[in-house]
Amino acid sequence: MLALQTILDGLVLGGLYALAAVGFSLIFGVLGVVNLSHGAIVMIGAYLTWFLWHSTGLDPLLCIPPVMLVLFAFGYVYQRGLIQLAVDRSSLLASMLVTFGVALMLRNLLVLVFSPDFKSISPGWAFSFLRLAGGVTIDLVRISALGASLALLGALAYVLNRTRIGRVIRATAQQELAARLCGVNARHVYAVTFGVSAAFAGASGAILGIVLPFAPPDEANWTLNAFVVVVLGGIGSPSGALLGGLLLGLISTATSQLIGPAFPNAMMFLILVLMLMVRPSGLLGNAFAGSR
Amino acid sequence: MLREAVAKHRWWILLAIAGLAALAFVPFVLMPFHVRVGQLILLSTSLGLAWTLLGGFAGYWSFGHTAFIGLGAFAAGLFETQVLGLAFMRAEPLAGLGLGLLVGMGVCAVAAAIVAWPILRLRGIYFAVAMLGVAQVLAELTNSIDAFKGSMGLVFPRIPAFGLRQEAVFYYLLLIATAAILLIAFVVKNARIGHGLAAMREDEDTARMLGVPTERYKITMFVLSATLTGALGVIYAHSLGYITTGSVYRTDFSLNMIVYNLLGGMGTLLGPMIGAVIMVLLTQVVLGGFLNLHMFLTGAMLVALVLAAPKGIVGTWQAWRRRRASAAS
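The listed protein sequences correspond, in order, to chains P and E. Using numbering that gives the first Met the number 0, read the first sequence as starting at 0 and increasing by one per residue. Using numbering that gives the first Met the number 0, read the second sequence as starting at 0 and increasing by one per residue.
It should be emphasised that the hints constitute simulated quantities derived from the structure, not laboratory data. Treat the numbers as computed from the prediction; the structure is a model and nothing was measured. The beta-carbon is built from N, C-alpha and C at its ideal position, and this holds for glycine as well. Incorrect hints may have been included.
Which stretches of chain P does chain E cover? Using the computed rule of at least three CB atoms under 8 Å from a CB of chain E, they are [claimed, not checked]:
id: 1; stretch: 51 to 60
id: 2; stretch: 254 to 268
Below, a sample of chain E positions facing chain P; criterion: calculated Cβ distance under 8 Å [said to hold, decoys possible]:
id: 3; residue: 31
id: 4; residue: 35
id: 5; residue: 78
id: 6; residue: 81
id: 7; residue: 86
id: 8; residue: 97
id: 9; residue: 98
id: 10; residue: 129
id: 11; residue: 289
id: 12; residue: 292
id: 13; residue: 297
id: 14; residue: 301
id: 15; residue: 305
id: 16; residue: 312
Make a model of the complete structure from these sequences and hints.
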């Protein structure tokens, strides 16, 4: 019974990890940039949702679309104004340092604006739960979190695989020059990709805020998680992020259940190093550009 | 190779010796507080140089070098308090410190040699993030396993020596460490291995194809860099007197080691030194007044730095000199 509950909790956490990582994975796959400010954007999403819910009483799940819209704009400007500049002027590795600097700035701003205290979002339906067969319980919050994560991942997969802009993004990732020769405005595509990534990070922040209490310094963990998920699953695809996220969720709940609550990160890291050595392109290995 | 390098750089070498000799008089002239600032500058300089042995010379940017500061500090601290005992440390403080240094460096060397095998197969961003992970995990293990005393903290005994004040003792220790690391870095850069590393940094596959033993070189540099960083960690821990996980496993250490090099000039010896001096003066003196904006300003500085001078001060200066030389001819 305990095993079943562990697996269920792991899956819920995994869905959240997957959604938080998919944007990171997209940027890594398409732009080749490791965005160390990704976790900070997740936290911005959580705080924006908290603010909307707290000030207007809007249901937190309904807050997701406006939060995504705001963060899309933020991501677009951030990429065109700063990251592209860093990549042009020095190197991809240096652009990583720029994103680290931005992460520090954002974390500091969040502390200044919202205080360093833990916040949590608890809508009216937060305390209802379902009792499944055999004493396994799952609360409504977790069901809706998992559901929303899966729905958003599905939507992103649809956009990437079936729509025009998705095709353009994949083409640019495969070969920038060829895409530009076909009339693609590569810089615009990069910025849009970054915007999409930021939007999904924001959505995951909103869901994370419903499931767990959060504080600004958590951002570093979310960035590291995203990296592990991407390495586990494979770069640049929603299905890879989903697989990696679910695995990571299961591993970390199982580790804290079986070995001890202090060890999930150590275990995660062990698996990360093993994966990087054995199969650096991830389990699915369908990266479009990042594994170059 | 080394002899030619010494002849070519003889003015720089004389300048370095004169500079280090001049720095030796600082504790007699300045106030204790300023000696502490000097301590910090020396620590930062030597950390930047230790990092550059791998990051600057071979192009393997470690984002988690603070792992070795922490590892060295805790290895030495546990050895001194648990194995030697406080009674021995009180009776023979200098011998205890020396033994602690040896243990700290030894543990770092062994740990680096073990970690090097899987991790140095990764390149670029993957290596950087893997090192970030190493630091994170070591910090968490130190904190959560009670035997390591990471959450309770370790107390280091005072090191009275030659009738000097504590801050002067650590100032001199760090001065000696800086001189030693500078010497090692100079020798490495100008020896055969240094040229091999430079080739690797430009193109590892080509270097390997041309017969550079890349695998051996980078493992050697990783272990050397880790060992020296560990030694600095031991000295730093003693200068603090009391450490917990958070005071030696500090992400900002890792970050700063990169920033010093980036600001000064990657792959040079002068670069990390200039970078460290500027950054310490800036953060301690200028930013000291904005405590709650500290992180924001550090981040903003980092961004501005990468955008404004991607090659660093030394790199920009060299490019300017080269341009002038070509314009003159």
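Here's how the hints hold up against the structure:
1. Here the stretch 51 to 60 of chain P counts 0 residues with a CB under 8 Å from a CB of chain E, which misses the bar of 3, and the coverage is violated.
2. Coverage of a stretch by a chain is defined here by at least three residues with a beta carbon nearer than 8 Å to that chain's beta carbons; for the stretch 254 to 268 of chain P and chain E the count is 6, and the condition holds.
3. Given the 8 Å rule on beta carbons, the hint for residue 31/E is violated: about 31 Å separates it from the nearest Cβ of chain P.
4. Contact between residue 35/E and chain P, as hinted, is not supported at the beta carbon level, the nearest pair being about 25 Å apart and thus beyond 8 Å.
5. This hint is violated: residue 78/E has a C-beta 23 Å from the nearest C-beta of chain P, more than the 8 Å allowed.
6. A least Cβ separation of about 22 Å between residue 81/E and chain P goes past the 8 Å threshold, and the interface hint is therefore violated.
7. Because the smallest distance between the Cβ of residue 86/E and any Cβ of chain P comes to about 33 Å, over 8 Å, the interface hint for this residue is violated.
8. Taken as an interface hint, residue 97/E does not check out: its beta carbon lies about 33 Å from the nearest beta carbon of chain P, beyond 8 Å.
9. A least Cβ separation of about 30 Å between residue 98/E and chain P goes past the 8 Å threshold, and the interface hint is therefore violated.
10. Using the Cβ-Cβ criterion of 8 Å, the hint placing residue 129/E at the interface with chain P is satisfied: the shortest such distance is roughly 6 Å.
11. Interface restraint check for residue 289/E: the shortest CB-CB distance to chain P comes to about 10 Å, outside 8 Å, so the restraint is violated.
12. The interface hint given for residue 292/E holds, since its Cβ lies 7 Å from the closest Cβ of chain P, which is under the 8 Å cut-off.
13. Look at residue 297/E: its Cβ gets to within about 6 Å of chain P, closer than 8 Å, so that hint holds up.
14. Given the 8 Å rule on beta carbons, the hint for residue 301/E holds: about 3 Å separates it from the nearest Cβ of chain P.
15. Interface restraint check for residue 305/E: the shortest CB-CB distance to chain P comes to about 5 Å, inside 8 Å, so the restraint holds.
16. At a threshold of 8 Å, the smallest CB-CB gap from residue 312/E to chain P is about 14 Å, leaving the interface hint violated.
In this structure, the hints that do not hold are numbers 1, 3, 4, 5, 6, 7, 8, 9, 11 and 16, in rising order.
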